[in-house]
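Asker: Sequence:
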Amino acid sequence: MSETAGRRPLTAPARRVLGFGPLVLLILAQLSAASDRFLITLVTTPVKQDLALSDAQLGLLHGSAFVILYALTMPLFGSLADRGHQRTILLASIGLWTLATLGFGLAGSFAVLFLSRFVLGLGQAGLAPASLSLIAHGSEQGRMARNVSLYTAGGSLGQSFALLAGGAVLAWLVLRGGLAFPGLDPLPPWRALFLLACLPNLVLILGAVAVRLPRAPPAARAGLNPAWAWILRRRRIYLPHFAAAACAVLMGRTLAAWGPTLYVRNHGMSPAESGVVLGGLLLIGGPLGHLSAGLLLDRVARARRRAAASRLLGLGLMAALPPAIVMAVAADRTLSLAAFTLLTAVIGFTAPPAVTGVQLLTPVSLRGRVSALFIAAVTLTASGTGPPLLGFLADTVFGAEHLGRALMVLYGLVGVPGILLAFRAARMGRPLTGAGR
Numbered sequence: 043m044s045e046t047a048g049r050r051p052l053t054a055p056a057r058r059v060l061g062f063g064p065l066v067l068l069i070l071a072q073l074s075a076a077s078d079r080f081l082i083t084l085v086t087t088p089v090k091q092d093l094a095l096s097d098a099q100l101g102l103l104h105g106s107a108f109v110i111l112y113a114l115t116m117p118l119f120g121s122l123a124d125r126g127h128q129r130t131i132l133l134a135s136i137g138l139w140t141l142a143t144l145g146f147g148l149a150g151s152f153a154v155l156f157l158s159r160f161v162l163g164l165g166q167a168g169l170a171p172a173s174l175s176l177i178a179h180g181s182e183q184g185r186m187a188r189n190v191s192l193y194t195a196g197g198s199l200g201q202s203f204a205l206l207a208g209g210a211v212l213a214w215l216v217l218r219g220g221l222a223f224p225g226l227d228p229l230p231p232w233r234a235l236f237l238l239a240c241l242p243n244l245v246l247i248l249g250a251v252a253v254r255l256p257r258a259p260p261a262a263r264a265g266l267n268p269a270w271a272w273i274l275r276r277r278r279i280y281l282p283h284f285a286a287a288a289c290a291v292l293m294g295r296t297l298a299a300w301g302p303t304l305y306v307r308n309h310g311m312s313p314a315e316s317g318v319v320l321g322g323l324l325l326i327g328g329p330l331g332h333l334s335a336g337l338l339l340d341r342v343a344r345a346r347r348r349a350a351a352s353r354l355l356g357l358g359l360m361a362a363l364p365p366a367i368v369m370a371v372a373a374d375r376t377l378s379l380a381a382f383t384l385l386t387a388v389i390g391f392t393a394p395p396a397v398t399g400v401q402l403l404t405p406v407s408l409r410g411r412v413s414a415l416f417i418a419a420v421t422l423t424a425s426g427t428g429p430p431l432l433g434f435l436a437d438t439v440f441g442a443e444h445l446g447r448a449l450m451v452l453y454g455l456v457g458v459p460g461i462l463l464a465f466r467a468a469r470m471g472r473p474l475t476g477a478g479r
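Numbering of the sequence shown is given in this note's numbering, commencing with residue 43 and proceeding in unit increments.
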C-alpha cells in the first residue's frame with residue numbers, strides 16, 4: 043500500500059549498509075548500558091545494609107527510578123534519531139549515564155540513589171532509538187532480524203557481564219577491604235565497584251567519535267504526530283504486540299533485578315558468588331535465546347509467514363512459565379540453577395521477535411520514533427511495575443524468605459495474558475508490504 047508521511051513516500055531511498063565496526067560499537071554500547079543498569083542487582087544486599095533500605099525501596103531503585111525519565115524522554119530521542127543525529131545521541135547518552143553510574147557509587151542516601159538512577163534512565167534513553175534507527179536503515183535484505191538479535195544479545199551479555207565480571211571484581215574488592223585513594227578514606231567494595239564500572243565507557247566514547255556510522259536520511263516530517271497516527275491506524279496489531287512485549291520484558295527485568303537476591307536468600311550464596319554463578323549461566327542462556335530467535339525469524343520472514351514475530355513472541359512466553367516455576371520453588375540449588383539457565387534462554391528468545399516485529403510493521407522514515415514509543419511504553423509498564431511489585435509482594439504478602447513464591451505468582455499473573463495477547467496480534471494480520479524490508 044502507498045502511505046505517506048508528509049510530502050515524501052514512507053519507503054526510504056538507497057542507503058549505506060551498516061558495516062561490521064559500527065555494528066560492534068552499537069552492540070558494545072548496549073552491553074555497557076545493560077551492565078551499568080543491572081550492576082545494582084549484584085550489590086542489593088550490601089546497599090540495603092549500608093543505607094538501611096526496605097525491599098520496597100530497592101524495588102523502586104530497580105524499576106521506577108530508572109524508567110521515569112527513560113520512558114518520558116525516549117520519544118524525543120526517537121525524533122532526533124529520525125532527523126539523522128544518531129552519533130550526537132550516542133555520545134551524549136554514554137557520557138550522561140557514566141556520570142549517573144559514578145553518582146550512584148558515591149550516594150549517601152536513598153534520595154541520591156534515586157536521583158542517580160533517574161539520571162541513568164535519561165542517559166540510556168537515547169541509545170535504543172539511535173541504534174535501532176541505524177540497524178533498521180543499514181541492514182542488508184534478509185539480515186535485519188539477525189542484526190537486531192545481535193544488538194539485543196548485547197543487553198543479555200551486559201547483564202551477564204554485570205554479574206560475572208562484577209562479581210569477580212566485587213570479590214577482589216572485598217578481599218582488599220575496598221578501594222583506597224591517597225588522602226581519602228577507603229571506598230567500601232560496592233561503591234568502588236560503581237567507580238570502576240565507569241572506565242570502559244571512556245573507551246566507548248572514543249569509539250563513537252572515531253567509527254564511521256551510516257547516516258539515515260532525515261524524515262520529511264519531524265515530531266511524534268506521524269508516528270502516533272501510524273500506530274493508531276494499525277492499533278489492532280500494534281497494541282496487543284506492545285502489550286505482549288511488555289509482559290516478556292517485565293519477566294526479564296524482574297528476574298534480572300531480583301535473581302541474585304533470590305539465590306542469596308534462598309540458597310545461601312554470597313553476593314559475589316551469586317554474581318559469578320548467575321553471570322556465567324546468563325552468558326550461556328541469554329545469547330543462545332537471542333541469536334536463535336533472530337536466525338529463525340529471518341528465515342520465517344523471508345518465507346512470508348503471517349505475523350511471524352508476534353507468534354514467536356507468544357511461543358517464547360509460553361515456554362518461559364515451566365522453568366520459572368521450577369527455578370522459584372526448587373529446594374535443590376543445582377535444579378534451580380538449571381531452570382534459571384533455561385529461563386534466561388527463553389526470555390532472551392522473546393526479545394528479537396518483540397523488537398523486529400515493530401520494525402517490520404513500520405516505515406523506514408518512522409522507525410526511530412515508533413521504536414522509541416514502543417520501548418518507552420514497554421519499559422515504563424514492565425520495569426516500572428515488575429521489580430517494585432515483587433518487592434511489595436515480598437514485603438507484605440509472602441515475606442522476604444519466600445521471594446521465590448512471590449516471583450512465581452508474578453510470572454503467572456503476567457505470563458498468561460502475554461501469551462494470549464501475542465497470539466491475538468498474530469491473528470490480526472501480516473506486516474504491511476510497504477512498511478519494512
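I should point out that these hints are in silico values taken from the structure, not numbers from a laboratory. Just so you know, even glycine gets a beta-carbon here, dropped at the ideal spot from N, CA and C. Some clues are possibly wrong.
What the hints assert, rightly or not - Straight-line distance between alpha carbons at most 20 Å, and here's what the computed SDA-like set of lysine to any residue pairs gives:
| no. | residue 1 | residue 2 |
| --- | --- | --- |
| 1 | K90 | G457 |
| 2 | K90 | L237 |
| 3 | K90 | V253 |
| 4 | K90 | F465 |
| 5 | K90 | L422 |
| 6 | K90 | V306 |
| 7 | K90 | I367 |
As the list claims (entries may be wrong) - Distance windows between CB atoms, simulated:
| no. | residue 1 | residue 2 | range |
| --- | --- | --- | --- |
| 8 | S96 | D227 | 25 to 33 Å |
| 9 | L337 | V451 | 32 to 40 Å |
| 10 | V371 | G137 | 40 to 48 Å |
| 11 | G150 | L217 | 41 to 49 Å |
| 12 | G220 | I247 | 21 to 29 Å |
| 13 | V451 | A252 | 42 to 50 Å |
| 14 | P242 | R125 | 41 to 49 Å |
| 15 | S312 | T130 | 13 to 21 Å |
| 16 | F62 | V371 | 39 to 47 Å |
| 17 | G63 | L141 | 22 to 30 Å |
| 18 | L217 | L148 | 19 to 27 Å |
| 19 | N267 | S96 | 49 to 57 Å |
| 20 | N267 | L241 | 52 to 60 Å |
Asker: Hints first: check each against the structure and report whether it holds.
Answerer: Evaluation of the provided hints:
About 29 Å separates the Cα atoms of K90 and G457, which puts this hinted pair outside 20 Å; it is violated. Between K90 and L237 the CA atoms are separated by roughly 19 Å; this keeps the pair inside 20 Å, and the hint holds. Of the pairs offered as hints, the one joining K90 and V253 is violated, with about 41 Å between alpha carbons and a cut-off of 20 Å exceeded. For the suggested pair K90 and F465, the alpha carbons sit about 41 Å apart, so the restraint of at most 20 Å is broken.
At most 20 Å may separate the alpha-carbon atoms for a hinted pair to count; K90 and L422 exceed this at roughly 24 Å. For the given pair, K90 sits about 13 Å from V306 by alpha-carbon distance, which is consistent with the 20 Å threshold. For a cut-off of 20 Å, the pair hint linking K90 to I367 is broken: about 27 Å separates their Cα positions. For S96 and D227, the Cβ-Cβ distance of about 27 Å falls inside the hinted range of 25 to 33 Å, so the restraint holds.
Between L337 and V451 the beta carbons are some 34 Å apart, a value that agrees with the proposed interval 32 to 40 Å. The hinted window of 40 to 48 Å between V371 and G137 holds, with their beta carbons roughly 44 Å apart. For G150 and L217, the Cβ-Cβ distance of about 25 Å falls outside the hinted range of 41 to 49 Å, so the restraint is violated. A beta carbon spacing of about 27 Å between G220 and I247 agrees with the range 21 to 29 Å that was offered as a hint.
Restraint check, V451 to A252: a C-beta distance of roughly 49 Å satisfies the suggested window 42 to 50 Å. Checked against the given bound of 41 to 49 Å, the beta carbons of P242 and R125, roughly 29 Å apart, lie outside it. A hinted range of 13 to 21 Å is violated for the C-beta pair S312 and T130, which are about 42 Å apart. For F62 and V371, the hinted distance range of 39 to 47 Å is satisfied, since their beta carbons lie about 44 Å from each other.
In this structure the supplied range 22 to 30 Å holds for G63 paired with L141, their Cβ-Cβ distance being about 26 Å. Against the hinted window of 19 to 27 Å, the Cβ-Cβ separation of L217 and L148 comes to about 22 Å, which satisfies the hint. Between N267 and S96, the C-beta spacing of about 42 Å breaks the proposed range 49 to 57 Å. Distance hint check for N267 and L241: the Cβ-Cβ separation is about 42 Å, which falls outside the suggested range of 52 to 60 Å.
When held up to the earlier numbered hints, the structure conflicts with 1, 3, 4, 5, 7, 11, 14, 15, 19, 20 and fits the remainder.
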